[in-house]
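Colleague: Start from chain D and add chain W according to the hints.
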Amino acid sequence: MDLGSINPVLLIASLMVAATPILLAAIGELVVEKAGVLNLGVEGMMIVGAVSGFAISVETGSPFLGFVAAAVGGALLSTLFILLTQVALANQVASGLALTLFGLGLSALMGQKYVGIKPPPTGDIHIPLLSDVPVLGPILFTHDVVLYVGIAIVAAVWAILKFTRAGLILRAVGESHDAAHALGYKVVRIRILAILFGGACAGLGGAYISLVRVPQWTEGMTAGVGWIALALVVFASWKPWRVLLGAYLFGGITVLQLNLQAAGVAIPVEYLAMSPYLITILVLVILSKDKSSAPASLGRIFHASR
Amino acid sequence: MIVLEKRPQPSRMWTLLTPVLAVLSTMVFGGLLFALLGKNPVEAIRTIFYEPLFGEFAFYYRPQLLVKGAPLVLIAIGLSLGFKAGIWNIGAEGQYIMGAIVGAGVGLAFYPLDSIIVFPLMVIGGAFGGWAWAMVPALLKVRFGTNEILVSLMLVYVAEQLLASMSLGLLKNPEGFGFPGSRNLTEYASATSWINQDVGMHWGVVFAFIAVIFAYVLLNRHMLGFHIRLTGEAPRAARFAGVRPTRLILFCLGTSGALAGLAGLFEVSGPGGQITIDFNIGYGFTAIIVAFLGRLHPLGILLAGGLMALTYIGGEIAQSQLGLPAAAIQVFQGMLLFFLLALDLLTNYRVRLRAREVA
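Chains D and W supply the protein sequences, listed in that same order.
full-length UniProt numbering numbers the first residue of the first sequence as 1 and each following residue consecutively.
full-length UniProt numbering numbers the first residue of the second sequence as 1 and each following residue consecutively.
FYI, nobody ran anything at the bench for these hints, they're computed from the structure.
Just so you know, not all the hints are guaranteed correct.
[As the list claims (entries may be wrong)] Among the chain D residues that face chain W by a calculated CB cut under 10 Å, a handful are:
1. L80
2. T100
3. L106
4. V269
[Said to hold, decoys possible] For lysine to any residue, the following SDA-like pairs were computed, each having C-alpha atoms within a straight-line distance of at most 25 Å:
5. D:K186 with W:F214
6. D:K113 with W:F29
7. W:K84 with D:S14
8. W:K84 with D:S288
9. W:K172 with W:E187
10. D:K239 with W:L140
11. D:K186 with W:I2
12. D:K113 with W:P41
13. W:K6 with D:S176
14. W:K6 with W:A234
15. D:K239 with D:I286
16. D:K113 with W:S320
17. W:K172 with D:V283
18. W:K39 with D:K239
19. D:K113 with W:D278
20. D:K118 with D:P8
21. D:K113 with W:N40
22. D:K186 with W:Y349
Quick reminder that beta carbons are idealized off the backbone N, C-alpha and C, glycines included.
Chain D extracted, bound-state conformation (with noise of 0.2 Å):
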C-alpha cells in the first residue's frame, strides 16, 4: 500500500471531472422537479446522450458537435416522456422508469459499431498564467469548456430561479399547479421546456462521460450515475449551489476509491467500487428528514378539467 503515491492536486483536479457528469445531470433534475415534474428517466436520457455524443463525435472528428448531439439526443428522448407524462396523463414514476428501460436498450443498439474506438480528445483549455499558477492553476484552469459550461449552469439556473419572473413562474407551476393554471399560466408547456432543458443537461452529462471521463463507449457505461443525480437533487434540497457542492463530494468519493484501489489498499477492489452508492444511501437518509422544500406538486398529474 502506498498512499503517497495519491497527488492531491491532481486528486481534486480529476474530482472536478469525474462530478461534472452528476453536476450536468442533477442541475437538469432539479429544473425539472422544480416545474413539479419527477423524471426518473435520468440514466436513460445520459445513455443515450452519452451513445449520440460518441456516435457523432467520431464520425464528424468534432467533440463539439458530438456534445450538440448529446444534448438533442437526450432532449429527444426527454420527449417520449413527455408524451406520457403531459400528454397521455401517465404515471411519473412508471414513465420514467420505462425511458430508463427503453434508454438503455436504444444505446445498446446504437453503439454497437462504436465499442473500442476512441473518440476525438477534448482539449482542455490553458488559459496563460492562470494555469501557470502553482497549485490552483491546475486544479481550476486546466479543464475541458464542457465542465466549466457545466458550472455556467448551475450559476445561471441559480440566477434565472432566484431573480427572474420567468423562474418564479417556473417555481410556481411547481409549488401548486392549480393556481399557476388559474392564473393563466400555461403549466404543460413550462412543464414540456423544463423536461426538455432536463433531458438536454442529461444528455451532455453522458456525453461527458463517454468523451472526456472514460473516454471510450461500452454498453451500460453511465453505471448509475443517472440515479447518482436524481439522488443528488434531494440531498441539495432543490438548491442549486447544493448540487454543486454534492456533485464535487460525489466525485471526490468516486476518484478517492478509485486512488485507493490505484494505490493497493488492504480493502477489496469490489467493497472499494460499491461506496458511492452506499455513501448516496448514508446522505440521502442524514437529509431525508427535511422534506419541507420540495416542491408541492412535485410527480402530481395535472389535468385541466374545464
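Modeller: Structure of chain W alone, referenced to chain D:
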C-alpha cells in the same frame, strides 16, 4: 378540439383491451425498427412470436418458456403488490442477486452432504437474502422517510459488486482451476432446483404458480390485500380507515424482496447453475414491465410473464437466425411499456371532441 374527460372509474373494457393494443402497437413499431435495421419485419416478428411456440424446433423452445417465465412472474407478483399501494421497489435485481448468493451459499456450505433438507434450507436462505436486502429501503423509509426508489436501486449496484466479490472469493469453486465462479449446483443432486430439465420444470415454476394464487387470494379475499388496494386508489381514505402505512411498507417491500430472492435462488440452482460475475441478466428490471403489462393483476402477470419470456426466447432465435442484435429485443421490450402507459389514457379518461372555447 380534443378534450380529455376523467372517468369516474377506470373503464373495465379498456383495462383489458389496452395490453392487447399495446402489444399490437409494439409489433408494428418494433417491426419498423427491425426494418430500419435492415431485417424483414414480418419475418422478425414471426420469428419472435411464432417460432418458439409452433416452429420446427418448438419442442426445444417450449420448455424454455417456463424457465424464462418463472423468475419474471415470481418477481413481478411481488412488485405488483407494492406498485398497487404506491410503494416502488425497483431494486428487485439486487434482491434477486442476494437471494441467489445467500441460497447458493447455504447449499455450498453443505456440499457434499446428500440430504433432503439441503434444498429446503436453500429456499429459506434465498427468500431471506432477498427479504433482508429489501428490508434496507423498507426500514429506511419507515424510520427516516428515505425515498425507497433510490435506495433500492442503489443497492442493485452494491449487490452486483458483492456478486463479483463472491464469485472471485468466498464462493469460488476450490476445484475450479482458478476460474471465477462457484461450484455448479446442478451437479450437486441435493441442491438443484430442477425437477425435470427436459420439460423445463424446476421449483421456481411451481413457486411462481403458487405466488400467483397466493397474490390473487390476498388481493381479493384478505383484509391486507384490501388495504393495499385502498392505499393505492385513495390514500386519504386509507388513512381514515386506519391503514397503518408502516406495516404496509414493510409487508410489500419484504414480500417482493423475498420473492425476488426466491427467483434468484431457483435460477442459480437450476438454469443458471452457478454464482458467476454475470449471473444476473436483468430479470429484476424486465419484471417491472411484466407487472405493468399484467395490469398489476396476478392472472394478468402470469400471461404477461409468458409473453415476455416469449420475446426473450424469440429474441434469441432472431439473434442467431436473422442476426438481429440483442439490444433490439431490449428496445422492443421497453417499447411495450411505453405503449402500455400511453394507452392507459383510454382507461382513465374519455376522449371527447368539443368545439374550441375561449380559454
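Colleague: K113 of chain D and P41 of chain W were given as a pair; does the straight-line alpha-carbon distance stay at or below 25 Å?
Modeller: 22 Å, holds
Colleague: Given the hint that K84 of chain W pairs with S14 of chain D, does the C-alpha gap stay at or below 25 Å?
Modeller: Measuring from Cα to Cα gives roughly 44 Å; hence the hint is violated.
Colleague: Would the hint linking K6 of chain W and S176 of chain D be met if the CA-CA limit is 25 Å?
Modeller: This hinted pair holds, its Cα atoms lying about 20 Å apart.
Colleague: Going by Cβ atoms only, is L106 of chain D closer than 10 Å to chain W?
Modeller: Holds, about 5 Å.
Colleague: For the pair supplied as a hint, K39 of chain W and K239 of chain D, is the alpha-carbon distance within the 25 Å limit?
Modeller: Outside the cut-off at roughly 49 Å; violated.
Colleague: If you draw a straight line from the CA of K172 of chain W to the CA of E187 of chain W, is it 25 Å or shorter?
Modeller: Holds, at roughly 15 Å.
Colleague: Run the distance test for K186 of chain D versus Y349 of chain W: straight-line Cα separation, threshold 25 Å.
Modeller: Since the Cα atoms of K186 of chain D and Y349 of chain W sit roughly 21 Å apart, the hinted pair holds (cutoff 25 Å).
Colleague: Between K6 of chain W and A234 of chain W, is the straight-line Cα distance small enough, at 25 Å or below?
Modeller: Holds, because 16 Å separates the two Cα atoms, which is no more than 25 Å.
Colleague: Has the given pair, K84 of chain W with S288 of chain D, been kept, meaning a C-alpha gap of at most 25 Å?
Modeller: 24 Å, holds
Colleague: So if I understand the rule, the pair passes when the alpha-carbon distance is 25 Å or less; does K113 of chain D with D278 of chain W pass?
Modeller: 23 Å, holds
Colleague: Does the nearest C-beta of chain W fall within a distance shorter than 10 Å of the C-beta of T100 of chain D?
Modeller: Given a least distance of 9 Å, the restraint on T100 of chain D holds.
Colleague: Next pair to validate is K186 of chain D with F214 of chain W; report whether the Cα-Cα distance is within 25 Å.
Modeller: Cα-Cα ~47 Å, so violated.
When the structure is compared with the earlier hints, violations turn up for hints 5, 7, 17, 18, 20 and for no others.
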